Amino acid sequence: MNREPSFVVNELLGRVNRGELSRRTFVKAAGILGLSAGMSQMLLDGRAQAMQDSGATGELVIALPRSLISLDPHGAQSVEEATAIVNAHLLDTLTYRDVETGEIQPRIATAWEQVDDLTWTFTIREGITFHDGSPVTANDVKASLDRVLELAGPLAPLWATVESTEATDDATLTIKTTSPTGTVPTSATLLFVAPAAASTDEAFYEAPIGAGPYKFVSWTRDSEMVIEAVADHWDGAPGISRLIFRDIPEVAARVTSLETGEIDITWALPADQLPTLRENDELNIASTSTYAYYFIWFNASREPFTDVRVRKALWHALDIETMAADLLQDVGVPATAPIPSTVFGHAPQTPYAYDPDLAKSLLAEAGYPDGIDTHIIWVADSGPQDRELLEVALAYWAAVGVRVENREQERAVWLENLLALNWDLDMQTNTVRTGDADFTLRRLYTSAANRTGYANPELDQILLDALASADQAERAELYAQACQIIWDDAVGIFPFDLTENYVHSTRLQDFQAAPNVIPIFTKTTVAE
Amino acid sequence: MTASASTMQNAGPPAKLESEAPARSSRRGLDRKRLFLWSLPILFFIGAAIIGPYIFPYDSLIVRTGDRLEPPGAVLRDGSRAWLGTDKVGRDILAQILEGARISLIVGGATIVLAGSIGLTFGVIAGYRGGFLDSLLMRLADIQLAFPSILLAIMIAAVLGPSVTNVILTLSLTRWVIFARVSRAATLAAKEREYVLAARATGVPPPLMLIRHIIPATIPPLLVIATVEVGLVIIAEASLSFLGLGVPAGQPSWGQMVAIGRDNLNTAWWMATMPGAALSLVVLAIGLFGDQVRDELDPRARKR
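Listed in order, the protein sequences are those of chains A and B.
When the count follows the numbering used here, it moves up by one through the first sequence with no breaks and lands on 547 for the last residue.
When the count follows the numbering used here, it moves up by one through the second sequence with no breaks and lands on 993 for the last residue.
Just so you know, nobody snuck in bad clues.
What the simulated footprint calls covered on chain A by chain B, stretch by stretch (three residues with Cβ under 8 Å from a Cβ of chain B suffice, anywhere in the stretch; the number is not a length):
1. 281 to 293
2. 342 to 352
3. 396 to 409
4. 413 to 423
Here are the computed distance ranges between Cβ atoms for each label pair:
5. THR810(B) x GLU169(A): 57 to 63 Å
6. ILE751(B) x ILE304(A): 29 to 35 Å
7. ASP266(A) x GLU881(B): 58 to 64 Å
8. ARG951(B) x ALA467(A): 41 to 47 Å
9. ALA171(A) x GLY820(B): 57 to 63 Å
10. SER401(A) x PRO761(B): 27 to 33 Å
11. ILE735(B) x THR279(A): 41 to 47 Å
12. THR525(A) x VAL764(B): 36 to 42 Å
13. GLY472(A) x PRO761(B): 44 to 50 Å
14. ILE751(B) x ALA495(A): 40 to 46 Å
These are calculated hints, taken from the structure and not from any lab test.
Quick caveat, the model's predicted, so the values are computed rather than measured.
Note that beta-carbon positions come from the ideal geometry of N, C-alpha and C, so glycine has one too.
Work the whole structure out from these sequences, hints included.
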């Protein structure tokens, strides 16, 4: 066959696939080149077949609820959802937590074992490479873990008991701990692996090379991030050839983009937007209970919150049921423990009933018959309907004589005050990132952590025992005790567990709603 | 607006323009009527700000979550009517706008008085003394003018923190320059007038000279500037509150209401639209009123 026409035919076929040319026009054009209609048809069908075989087709435009600030998954931004979502596709993690079963499954590590009380070993998947072709070895994993420890970011507490890390050979990573640590494989779900040679260089994270199912294409800060499918990935080629993360900070603009089809999926929309979107035939909503929840902490190192009766009074003053039904609607339900019901270690507790009279008598009993004057710190846009929830809570408290000053703060100022215990009340949301109670309970409620001024040696011991144990049934029992102590002592008010609603175009198929709010798109496909 | 208005009046037949008293007085009558007309919305809002909150009381701590996001005119569960709708926690928008009108007008008025006083003092001193002090004050003003005023306001407000007093302080610090420049120019002109020279020749001491002869001459142009600036100050307050740097949470302000309502534009348009409309109306009315005041006070504009 002559080279020229075949080249032209290929070019035309390409155009058909990109949707620039209709099949009919193709057949006509091929006729001019001397191809019979039957022949053109065969070419078209064969092409379609070939496209199905290679797997990846189409583009998916994702609008993240919060801007992507950094691609560095080890440092200060490591628990940012945007950073974690992009890196889950780009770099990949050592292990991952199955959304449905809650089991820890292999990713870069194929197996792990607690050799003795203080030693864990991970076996690294053989024959896998980074996007530049270099092999993934235990040394790369070690370098990434060392970096998490060195940068002491928000993920570092997960690895607090690590004494040393060692790449015993190319395929084996050995982690030694100072005390028995049962949570290592769970923590490994958040360990993003970067090549050892480059991982310490900040510039590397402007355009990272990883071992994930997608590779880096481009990143324009505050605008767009593009990644492309790796066809020969060990886990099979992803279903979509290109993922585009578009930055649209305004909620109203994000909703409009969704309605016009400019973006395919977004989430974390206010409850008031959902009814309209639900009526839209071109959109589906995938909802799931998440690892995220609301809480209102009391500073137990300050009067009058040193008194458990005052803390309970403020909880009884709130009509949690009504607030959930009227304000949160589809984005939350009343909580039943200090951790969400989806998390490992959750144990349901007796709800605090809405009882303003009881609240008043508890306050009087504690020595505050005329109520109290206090304040609350919070940051705008920290969770769904946060401003409304806060304003309604202030109203409920005012009704029992608790006058709470609304101190809305800028994020950096708030964080500084929060960590310095420079507050009376604090309202915020939080996500149990690993899906395991240890992440939240031990990180926040031990005397050593001292995040709320609350100290209880009995609770400390329970949480440390739960960390040490590798027996999941025993751990569940210990966390049930911990949940009860925190709930009954009203260390904070735990009003709502949050539901995430992923609103997406109907052309998305096999999308799995993620409870950790880190949705993974590798198994998702788009209809043409 | 003024330019076109006065051109329109000038466009009449020249004979009539030249013709004397009757035509002049009817034109003056028209101006007066217009001045009155544009003062009406302003008076309305001042009245609403003063008595409104007594008729439609607003308490940020009274919420009705069952009546949230009701559209304008809706009848609420307790039988009352929300004329401009309710917000995300069931509070009346009308009551919030009236309460917000107080904030806007207090901030607008107080800022103009404060910025005007600072500007007048510096401007008159600089213009009267001249020399090094004049250069120093005016270069200072030039430097400040080089910064966009809202940027400067954001910076100062972020340092001071949100409160009504701080907003007034912040906006005064960014606005005094205009007043200083105008009063300096008026002082320079007045200084050379014959009655001032005569006063000086008779040995009137400088402080008395400033109070008796110079300052009165600077007042008319300052009044004109003030009417223009009030509108800008009200917008600046709304901008700061929109950004969360203005009045503290719990105290309604138009800018804050627009900021909170903008996420619901497609589901509850009234939340942002109503305070936005109130803001536009007041600023527009003040601007047009200011134009008329200028025409009244500026003899050249009148005779032209």
